[in-house]
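Asks: What follows is the residue order along each chain.
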Amino acid sequence: MFTELNIILGFDHLKPPKGQFVLISDSLTDGSFLIHHFLSLYIKGGWKVCLLALAQSFGHYNAVGQKLGVPLTQAREKGQLRFIDGLKCSLQMYTCTPQEGQGENPLRVLRDKKATLRPLYDLVKTQVCSEEGVLDGPTLLLVDDLSVLVSLGVSAKDVSDFMHYCRVLMCPTQQSQGAIVSLVHKDADVEDEENSTLFRHMAYHGTVHLAVEGLSSGYSRDVHGQVTVTFRNVQDPSQSQTRKRRLQYKVEERNVSFFAPGTSRAVL
Amino acid sequence: MLQQVLEGTEASSIVVIEDCVDHDGRPVFHCFCSQLAKRCESVHLFHLENPAGVFLEGANISKVHIHDGFSDPLQWEEQNRDPSADKIDLVSAPDFLGHLKRTPVKTSLVAVVIDSLTPFLQNYPGYVICRALQRLLRARLESDGIEVSQVVAGFHGDLHDDSTAAALRHMATTWVQLQEGAESPTQGGTGFHGNCEVLHRRKSGKVIRQAEVYHISPQWSLTSRVQKTPVRPVAQVEQEAQVDPTANLTFNLRLTDTEKEARSRVVLPYMHHHRKKAPNKPAANPGGQIFYQPDDVDDFDEEDPDDDLDF
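These protein sequence lines map, in sequence, to chains A and B. So the first sequence is numbered by this note's numbering: it starts at 6 and just counts up by one. So the second sequence is numbered by this note's numbering: it starts at 2 and just counts up by one.
Just so you know, the hints here were simulated from the structure itself, not pulled from any lab data. Quantities reported herein were computed from a predicted structural model and do not represent experimental measurements. Take the hints with a grain of salt, since some may be wrong.
Which stretches of chain B does chain A cover? Using the computed rule of at least three CB atoms under 8 Å from a CB of chain A, they are [claimed, not checked]:
(1) 49-60
(2) 203-217
List time: in silico DSS-like cross-link candidates among lysine-lysine, alpha-carbon distance up to 25 Å [stated by the list, open to error]:
(3) B:K207 - A:K162
(4) A:K130 - B:K204
(5) A:K23 - A:K119
A partial selection of chain A residues facing chain B, derived with a Cβ cut-off under 8 Å [claimed, not checked]:
(6) K119
(7) A120
(8) Y126
(9) K162
(10) D166
(11) Y170
(12) T178
(13) T202
(14) R205
(15) H206
(16) A208
(17) V213
(18) F236
(19) R270
Even glycine gets a Cβ: it sits at the ideal position worked out from N, Cα and C.
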């Protein structure tokens, strides 16, 4: 459990916070360890989790989850974890013949330029909502990751409309029952206009932004990178002005340790 | 200037607040909402990016009419649609004036607050939005039953291209561009503060561009002042730095007075002097003289070739 990160974010690991839109961005490094962190945090907190997986298969999340002490297969059987296999859907879209038709595939937009991500939104809604169409208790929507959609050809506008509707469904205000965690890649060495536009759209929606990047001084064995936490909470003007925090991290076998810059165990 | 526009002492028909990811415009927007609710008879809030509650804290809600573009802008939620509620949908072209006319309570002077223009600009080109905003401002009490005193719109500078920004900037009477926040907190300790650049166009034609510092109190009231650049004693430093190069030398570089006078009288070569003329050099006269020595092969014709021209 990433206790230091939880303390910085103000997240209670026993009662994960509601109404948060957490945006994770990574640049030239892999920020998916934070996805696994939030997945395990919210499952251990007893929330219902809907995982929209576009980058990895279920087996991957299960394997990492076991290392973090969260058995995902059991959670899925119990119904606590709803898994949407975006990888399989996107592959089906590309390999199906026109005779079979797109049918009910939620990622119809990959082949049909006139379509939007509305079918995907409808699928997410059926997974997280009860019959009345409202959220069934505290629910987390975890999207891993949005840049895959952009690289498959979906326009940044369609992805941002989809995430807007997800936000309205899950966490329109800070008092809502739901929360969203999503990952967008933001590689500094790649000039990807669509991806940068998508990142900026998501940044406006988000309440917390975690930017993961490598150290500017290069590769180090003891410090794998740094995370900059930015709070975009503009509700309360009497809040303190320190809205940005920087942490360095090291990825270990079963944990990731976070520490203030310069206080790595190798240095002290 | 920002404070004057907010309080209404400086008249401005369209105020655009340009923000970016790093410098959020929502606190300034919130201040505009609460101030307009105080001084206008009615405020129409078109909210598309945030729920209405974000901007209405501390404001007089009875004067605010909310037009919801947040919950279902693209009409994906078929079953939950309430036909009586006035919702903005991005499927049809933006018509702000139409929404205003549909509200049951018609007061004469209204203010319109739009958060933000980005969803409209994503679905329609810039000129359509500009036209819709112009129609808002041209509404008259006699013909449309409503008159708009001020429009405040949010604009995300990093999500749109320069041509859209330029078109909106041309239309706006006040353009507030939010910049880097102040480094150290103000004496008050709490509240938001930041820098901005305000471009204000008066009806007289005068354009005022100012860099300002603004502060927002916990009660959502905004104060601003012009940012003064620090005055550094630059001139004195330069004077002190002038070192006399002829000092501290082992040889003498200074001139006595007679030597200075002799130096001023030295005749420089290749300069024209009227006192002394070399016999070979031609006299400098304004007309200029041409000396033509024809060669053996030259056919020098005394006739003027332009003689037969008749104008």
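Asks: Tell me the hint numbers this structure goes against, listed in increasing order.
Replies: 2, 3, 4, 5, 6, 7, 17, 18 and 19
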